[in-house]
Amino acid sequence: MNKSETVKALSEQLDLTQTETEKLYNSLVEQLTKHLSDKGGFSIPDFGSFTSEIREEYKSYNPHYKQMMLLPKKKVVRFSQSSALKDEFNEVEL
Amino acid sequence: MSDKVKFSELVKAFAESNNITQQKAEALIRGIFNLLLDDLEESGKASITSFGSFELKEVAERTGVNPQTGEEIVIPAHNKVSFKPFKALEKTVNAPFSHLESTLIEEGAPESKPVIPIPKTETVKEEEIEDQEKDEDPFESVIGSEAEENTDDLEEEINEEAEQEEATIPPPVYKARESERKNAGALWLVIILLIAVVGVGGWYFFLRDSGGASYGNQVAEKESSKTEESAKIASANSERSEKEAGKEQPVTAEVVPDDEVSKEKPAVTANSENNISKENAGPVNKGNSSKEMTTYIIEKDEWLWDISREVYGKAYLWPLIFESNKKATDNPNLVEPAKTLIIPSLEGNASALTKEDYAQLAKASRMVSEAYGNAGNSERAAEYLRFSKKYERLSKK
Chain Y
4 MNKSETVKAL SEQLDLTQTE TEKLYNSLVE QLTKHLSDKG GFSIPDFGSF TSEIREEYKS
64 YNPHYKQMML LPKKKVVRFS QSSALKDEFN EVEL
Chain R
11 MSDKVKFSEL VKAFAESNNI TQQKAEALIR GIFNLLLDDL EESGKASITS FGSFELKEVA
71 ERTGVNPQTG EEIVIPAHNK VSFKPFKALE KTVNAPFSHL ESTLIEEGAP ESKPVIPIPK
131 TETVKEEEIE DQEKDEDPFE SVIGSEAEEN TDDLEEEINE EAEQEEATIP PPVYKARESE
191 RKNAGALWLV IILLIAVVGV GGWYFFLRDS GGASYGNQVA EKESSKTEES AKIASANSER
251 SEKEAGKEQP VTAEVVPDDE VSKEKPAVTA NSENNISKEN AGPVNKGNSS KEMTTYIIEK
311 DEWLWDISRE VYGKAYLWPL IFESNKKATD NPNLVEPAKT LIIPSLEGNA SALTKEDYAQ
371 LAKASRMVSE AYGNAGNSER AAEYLRFSKK YERLSKK
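In order, the protein sequences belong to chains Y and R.
Following the numbering used here, the numbering of the first sequence begins with 4 at its first residue and continues without gaps.
Following the numbering used here, the numbering of the second sequence begins with 11 at its first residue and continues without gaps.
Source of the hints: derived by calculation from the structure; they are not laboratory data.
Please note that the accuracy of each hint is not assured.
[What the hints assert, rightly or not] Heads up, incomplete: computed chain R residues facing chain Y, CB under 10 angstroms, no partners named:
id: 1; residue: Q32
id: 2; residue: F43
id: 3; residue: D48
id: 4; residue: E52
id: 5; residue: F93
id: 6; residue: N104
id: 7; residue: H109
id: 8; residue: E389
id: 9; residue: L395
id: 10; residue: R396
[Said to hold, decoys possible] Each computed SDA-like pair below joins lysine to any residue, with the alpha-carbon atoms no more than 25 angstroms apart:
id: 11; chain 1: Y; residue 1: K76; chain 2: R; residue 2: A206
id: 12; chain 1: R; residue 1: K16; chain 2: Y; residue 2: P66
id: 13; chain 1: Y; residue 1: K78; chain 2: R; residue 2: A105
id: 14; chain 1: R; residue 1: K22; chain 2: Y; residue 2: K62
id: 15; chain 1: Y; residue 1: K62; chain 2: R; residue 2: A105
id: 16; chain 1: Y; residue 1: K62; chain 2: R; residue 2: K16
id: 17; chain 1: R; residue 1: K101; chain 2: Y; residue 2: E33
id: 18; chain 1: R; residue 1: K337; chain 2: R; residue 2: T305
[Unchecked claim] Footprint (simulated), chain Y over chain R, 3 or more residues, beta carbon under 8 angstroms:
id: 19; stretch: 15-21
id: 20; stretch: 53-63
id: 21; stretch: 76-84
Built from N, CA and C at the ideal position, the CB exists for glycine as well.
Using the sequences provided together with the hints, build the complete structure.
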């Protein structure tokens, strides 16, 4: 499902025009990105949580230069699925 | 992290910035992620434009260790949703560190670490402090200069290092020579600083790692306690409604085929006499499950979910029972005690369902979804509608 299909489906669900929905969609993505870059992340119930954390620099072998490289500090996004999401794709046995 | 945004805060901020109601904002966010779920179930892949992509991955079975007891446990194979941020998101999030670049390190450098005598490391620290006084960010400038040198004349550097290794010079002598050969001195400084950086970096990394793991556990514990709570609330609700139902509907006549009665009666009477004897009754029921039970008498405090587990061995088949006993107007969470249920038989068995079973299950799940919709539980309704789609796909495979 690409963006236009998603927007179309959403506009039907929410009773909005497609232009309005697309505007909201863009603004949401922008805000989610902002939460990740400015704050520690966010969580979506029954789906999972997105966090941003600083990965310290580390050494790694670069096959092109055939040498060890020092890779710098980086802020990365991590996703952790919720237990509800996990159950969704696995047969639940209690 | 402590400054993680809660869902309610997220919805509020989104609603305010776009001048829409919070209900609408929440509906939109949930809608997007529900569409994602549909995509994931259909194709195993999904994405949010200019945010990231999700993919369903299979995780192979492996052995792990129980962190509490140290015991070895087998983690069974399972599916997992993985997330990969898109370039745009990565770039925005990494903005504060975007100026840093990866650098080559000499292969000799890490190995020489243990050889360094103690006085030498002391001088390194002194130099480091001096550097920090001079410059705000010494590592960066030094590393940067080293990178330039590396790309400019790698060979020279290697030769010089070989020289240095030949003459294992004590620090004072080294300092004296520094004035003579400024190039070599700078190089040494770079290498030693690098070692320090790598050491500190490694230390941080491990520290963080262990901290992160314990944090994960806490979160997991929280989540499990949350689900327990909700289960408690739900069971309390069902108990209440069962009482009501009991008043309205006195025990209905049991329509049990004769041959089944002989099998079932002992276990059931034992249960109704004493609820504690459930443990004893358990194996009896299990024994019967392989022989395809066709009726079942509800005990007190039982959900269809529990019954399905006892009868089929798998709890997720409960919509089948619901479908053959109830109407879409009934609340699936309510079960009248002491009522006889008809248990539909499976073509295959619970662990290997046939296509017909899946088709039946899809139909049943659709009905459950409808029933939840009628009972006002739209979240559950959406969930079972998704299940029904999933089973439908499986039935066509």
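Quiz prompt | Whether chain Y covers the stretch 76-84 of chain R (at least 3 residues having a Cβ closer than 8 angstroms to its Cβ atoms) | solution = Not satisfied, violated; 0 residues make the cut.
Self-check item: Holds or violated: Y/K62 to R/K16, with C-alpha atoms at most 25 angstroms apart
Solution: Status violated; Cα separation ~35 angstroms.
Quiz item: Y/K78 and R/A105: Cα distance at most 25 angstroms?
Solution: Holds. Y/K78 to R/A105 sits at ~8 angstroms (cutoff 25 angstroms).
Quiz item: Are there at least three residues in the stretch 53-63 of chain R whose beta carbon sits under 8 angstroms from a beta carbon of chain Y?
Solution: holds (count 6)
Exercise. Decide if the proposed pair is consistent with the structure: R/K101 and Y/E33, CA atoms, cutoff 25 angstroms inclusive.
Key: Distance of about 13 angstroms is within 25 angstroms: holds.
Exercise. For the pair supplied as a hint, R/K16 and Y/P66, confirm whether the alpha-carbon distance does not exceed 25 angstroms.
Key: Roughly 42 angstroms between the alpha carbons, so the hint for R/K16 and Y/P66 is violated.
Quiz item: Does the interface hint hold: is R/N104 within less than 10 angstroms of chain Y, judged Cβ to Cβ?
Solution: Status holds, d = 5 angstroms.
Exercise. Below or equal to 25 angstroms on CA atoms is what counts here, so check R/K22 against Y/K62.
Key: violated, 42 angstroms
Quiz item: Holds or violated: are the alpha carbons of R/K337 and R/T305 at most 25 angstroms from each other?
Solution: Holds, because 18 angstroms separates the two Cα atoms, which is no more than 25 angstroms.
Quiz prompt | Interface restraint verdict for R/E389 against chain Y (beta-carbon cut-off 10 angstroms) | solution = holds, 8 angstroms
Self-check item: Hint check, R/F43 versus chain Y [nearest Cβ-Cβ separation less than 10 angstroms]
Solution: holds, 5 angstroms
Quiz prompt | R/L395 as chain Y interface residue, shortest Cβ-Cβ below 10 angstroms | solution = violated, 13 angstroms
The earlier numbered hints that this structure contradicts are 1, 9, 12, 14, 16 and 21.
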